[in-house]
Amino acid sequence: MTALRFVFAKPWLWSFVAAFGTWLVTILFTGGASTLGLSQAALTFAAFSIIVGLGQMFVVTLGPGNVDLSIPATMTLAGTVALKVMDTQDGAILLGLLVTLGVGIGIGIANYALIKLLRIPPIIATLSSSFIVQSIAIATNRGIRIKPPAVLAEFSIASFLGVPNVAWLALVISVFAWVLLEKGLFGRWVSAIGQNMRAARLAGIPVDGVRFLTYMLCAVLAAIAGFLLSCFSGGAALNMGSEYLLTSIAVVVIGGTAVAGGFANVPGIWGASLFLFLVVSMLNTYGASAGVRMVLTGVIIIAVIIAASRKAVR
Amino acid sequence: MTATTTNPVISVNGATKSFGAVRALAGVDFTVHPGECVGLVGHNGAGKSTLVSILNGGLTPDEGTIALNGQPAVRYSIAQARATGLRCVFQELSLCPNLTVTENTRVAHRGLRGFGWRRRARALIRNKLDDIFPGHGIDVNQAIASFTIAERQMVEIATAFTDAGTGLSLVILDEPTSSLDAGLASQLLAYIGRFTAAGGAIVLISHILGEILSASTRIVVMKDGKVVADRPATGFTIDSLVGAMGSVVRTREGRGAASAATGTPVLSRPARGQAGRAFRVFPGELVGLAGLGGHGQTDMLVDLYMGETNAWLPRRAAAVAFVAGDRAEDGNFPLWSILRNMTLTLLPQLTRLGLVDGTRESQIATDWRQRIEVRTKDMSNPILSLSGGNQQKVLFARALASNAAVVLMDDPMRGVDIGTKQEVYAMLRAEAQKGRTFVWYSTEMDEVCQCDRVYVFREGAIVAELAGAGITEDSILAASFAEAAA
Amino acid sequence: MKLLTPDRLRLLVPALSLAVLLGAVFWLQPRTMSYTGLNLLFNLAVPIALATIAQMFVMMVNDLDLSMGTFVSFVACITATWVQSDPLLGYGALALCIAAYSAIGVVIYVRQLPAIVVTLGMSFVWGGLAVLLLPAPGGSAPDWIRAMMTAKPPFVPMAIVASVLIAAVTHWLVMRSSLGVLLRGVGGNEKTVRRAGWSVLRARAIAYALAGVFAVLAGMTLVGLTTSADANIALRYTLLSIAGVILGGGEFIGGRVSPIGAVIGALTLTLAASFLSFLKISPDWQIGAQGMILIIVLAVRLALNRREQRGARP
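Protein chains in written order, with my numbering: chain A, 1 to 314; chain B, 1001 to 1486; chain C, 2001 to 2314.
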């Protein structure tokens, strides 16, 4: 009874149940032959959605209308510029990382400057800035594919204790995000702003500072994900971030974070990211065509949301 | 009285209602006859709101029956209530802010449709506004969002009294004058008299007992989910009403000699307007902001608050704290527990390296829960599980628990029962004794009279400064209305 | 009565933005100041305006439709195939699409789901269906739609006539009719509408159905202009439609929308694309410049709003 109530009180558990179910069905179809490969691939690809999803989660928690649409452009620009700066030299890795962080911080500042100065809804502000960022990425890239430094390329595809390195990185970032959210003053403030911004300001919360940091955090995480992804896939591509626009929002919501703001959940991001990747690979295994795969992905996303639709109150 | 010979508009027999473990109504009989104005009084949590929800069909009683015009009602609902001619004006304002007055009238009436609906709706609401609040100056083609809170309440009341052909037999007014100044309130009370004389029925809920006594023909007193008194209004006095509600009438304790307004002011604002006066608050003072509702008091408080705090950088120690009066808009965090709502402002003091000390947080919250007697079993219950008065106590605790030297209060006693008010008054006096400074905007005269010094507002500017024995109802009213009389 | 009520100002700003942009285009390319020129400039405005109106119906009840682009694409695919080959099946499918939109509105309300995520899931569904129906670009426009879209009315080009017509019809429907008042009321204060004895469920079902109707019209007119369809033909419409509503003075929540403004917003966005090509901006920076235009328009709107507010204060 208490166990059951525990499950029902934690909507994000559903995402793990769903992810595990999908994993099991896929494994069963292949007779267990792909267990290790599938699990590693799931962890690897989920890691990228987790990193961008965490940033998007903090932004969404800021309240209705808060969503960062510039994530794909940020990923592309960070990957492109960092690889260009490093120019395949192992010695320039630190510089590349700094440039990545710089790109994230810069875009975060630009995003919040637009939101604040133009008083426009974040969805439009980040959309506008994403256009500009994308143009900068196109102009920087010029269709030349630069390889990542060998050490980085090696690192991004290697595993430690059977778990892909990128998944370890995602774990470290997730723990950091969890502490920030659940134990930190910052998380409490973000949640308060998401519930009632005016009341938050009148309760003494530095609303602008917190929102600014949140958008910056989101952009920095997107930049890191872009950097990792371009190392992992052997070079930056102009469309490499595009699928993460929808994915970042989907993992946040399937993961149990309130879309109306005020309530966030870190573990759910993991469940949702794994689930989304596993659904696609399950359908691939069953030989579904691209159209069928898309339709089913959509239906499953909606079904999960309906199944998990319970109001979280704390 | 002929009332007993006609069928009652609505009668409720033996109604009970529980929400989980809380028994909101414990067997209530309630009847309204045509031509009556029934005053309904009781503490917060006495069951008034639940009874009103049952009357208007929003809630179904667990037990008991409802009869309309003497006929038992089956599956009573909001739609049926409206069809019977029953209307409600709720305590929180409930108009669509994006629509004009005319369009809101249309939303309220199903019958207003087809060709020329806009013209008919406009005439309907304009005439009713003129009827109830002569000289109101409200443009019915403007969106509600552009009106002051008092104007919105006027529109809301007038909308409830409009009749688009479906008949109108009973109007329930839940704290209708909470945002209206004295002049508008008396216009409304006069209209209630005309309405009942013409055979209409009213249920009037108000915490201003003078209003209840003067407007009602019969008064029903509720306590702990039961009706404890039901007599003609002439049988009551303010003291006997308060006695029936069960709260203790405490004699007002003065603060003794008013503190000397000397030294360096903790807060100040230059004078505004031609006849305006400068605003200054000295340490340890209890300063009142008075005047008619909506004349710039809240703006001043928010301006003071914004001036002393920073929206970009956090401060470890809060210099000022704010107690909201409009809980839903300015105070509550609806997803959070009572505990989290209470500790929010003091949180930076409990934070090391960005991490909140949870143990100390719950210790402090438990302390304050006892000090202000928040009626809950568990501080981890959601804030919205509390009654309005208890939510307000949590907001007081949020401000007082912080180390802010100045506390700004924005008419925080709106819709709070007398018992809670007395507790809060005592708390404020004790805190002021310890050297804390309070700036208190209130729409209620006896609250303003508790202050050391009072600034009277009119049209956004301070027009009078009263101190000590000079703070009287007469002097405040005189300052509030000076220009209107000229 | 004040001459410049907030509602009128809401319209004035987008109208001015459009006028300034149009002036700039005329100045850059005087030949556009003709019947043919205007026709070319606003050629694609009609489907965008219809999609913007569809988005506006959803935003009117405080939701956001992220599936608009894929839905319009899917409708375009149906129009270019079934409606052409088997009219009964084609129109039946379109009617079903409208019913589906209405059903989505109902599900979102009944289960209290976040519209952003449900429509995000639906975007996969529509996209998948479109790929299944038309895996490669193709099909052809039904003759009557083609004829209608390429008609040459005297004096004023078709695109302008159609835009004025759309604006007039939807203005009456949303701002003047008693149904429109009720629908906006749901956006403004749902509780009040329910207390007054209305069915909020029905109102939302109607709002979504209207969105479906206008989105279907958008897809059909789009095929009338392009003569063929593909599954990705209108993906941009999701963001264009949201931007159009906002540019037109609409807001994300509170039922504050303006149909005339929305059409003007759609025209502005269409014109922005032409404006850029006249400026001979390098293709690398086309997207970025589009973002800049969005930002500039919003900044101008803010400045005008501010000035007006200052003027209005006593």
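Calculated directly from the structure, the hints in this document are not laboratory data. The beta-carbon is built from N, C-alpha and C at its ideal position, and this holds for glycine as well. Heads up, some of the hints might be wrong.
[To be verified] Derived DSS-like pairs: lysine-lysine, alpha-carbon spacing no greater than 27 Å straight-line:
id	chain 1	residue 1	chain 2	residue 2
1	B	Lys1377	A	Lys183
2	B	Lys1128	C	Lys2191
3	B	Lys1434	B	Lys1226
4	B	Lys1223	B	Lys1434
5	A	Lys84	A	Lys147
6	B	Lys1421	B	Lys1434
[Unchecked claim] Beta-carbon label-pair distances, calculated as ranges:
id	chain 1	residue 1	chain 2	residue 2	range
7	C	Asp2086	A	Ser233	42 to 48 Å
8	C	Ser2177	B	Ala1079	19 to 25 Å
9	B	Lys1377	C	Ile2253	31 to 37 Å
10	C	Leu2173	B	Glu1459	39 to 45 Å
11	B	Glu1459	C	Ile2253	54 to 60 Å
12	A	Arg198	B	Asp1446	55 to 61 Å
13	B	Glu1459	A	Pro267	37 to 43 Å
query = Range hint 19 to 25 Å: satisfied by the CB atoms of C/Ser2177 and B/Ala1079?
reply = Once the Cβ atoms are compared, 23 Å apart, the range 19 to 25 Å for B/Ala1079 and C/Ser2177 holds.
key: Hinted pair B/Lys1128 and C/Lys2191, Cα distance within 27 Å   = 24 Å, holds
Distance restraint evaluation - B/Lys1377, C/Ile2253, Cβ atoms, bounds 31 to 37 Å = Once the Cβ atoms are compared, 36 Å apart, the range 31 to 37 Å for C/Ile2253 and B/Lys1377 holds.
key: Restraint check for B/Lys1421 with B/Lys1434, where alpha carbons must lie at most 27 Å apart   = Satisfied, since the Cα-Cα distance of roughly 20 Å is no more than 27 Å.
query = Is B/Lys1377 within 27 Å of A/Lys183, Cα to Cα?
reply = 25 Å, holds
inquiry  = Quick check: does the Cβ-Cβ distance between A/Arg198 and B/Asp1446 fall within 55 to 61 Å?
reply    = With a Cβ separation near 29 Å, A/Arg198 and B/Asp1446 fall outside 55 to 61 Å, so the hint is violated.
ask   = Is the gap between the beta carbons of B/Glu1459 and A/Pro267 within 37 to 43 Å?
value = Roughly 55 Å apart at Cβ, these two residues miss the hinted range, so it is violated.
ask   = CA of B/Lys1434 to CA of B/Lys1226, is that 27 Å or under?
value = Given that 27 Å is the threshold and the Cα spacing comes to 41 Å, the pair is violated.
inquiry  = Looking only at beta-carbon atoms, does the pair B/Glu1459, C/Ile2253 fall within the given range of 54 to 60 Å?
reply    = Violated - the Cβ-Cβ distance for B/Glu1459 and C/Ile2253, about 32 Å, lies outside 54 to 60 Å.
ask   = For the pair C/Leu2173 and B/Glu1459, does the Cβ-Cβ distance stay inside 39 to 45 Å?
value = For B/Glu1459 against C/Leu2173, whose Cβ atoms are near 42 Å apart, the range 39 to 45 Å holds.
request  = Using the Cβ atoms, figure out if C/Asp2086 sits within 42 to 48 Å of A/Ser233.
outcome  = Once the Cβ atoms are compared, 44 Å apart, the range 42 to 48 Å for A/Ser233 and C/Asp2086 holds.
ask   = Taking only the CA atoms, is the gap from A/Lys84 to A/Lys147 under or equal to 27 Å?
value = 9 Å, holds
Hints 3, 4, 11, 12, 13, counting from the list given before, are not met by this structure.
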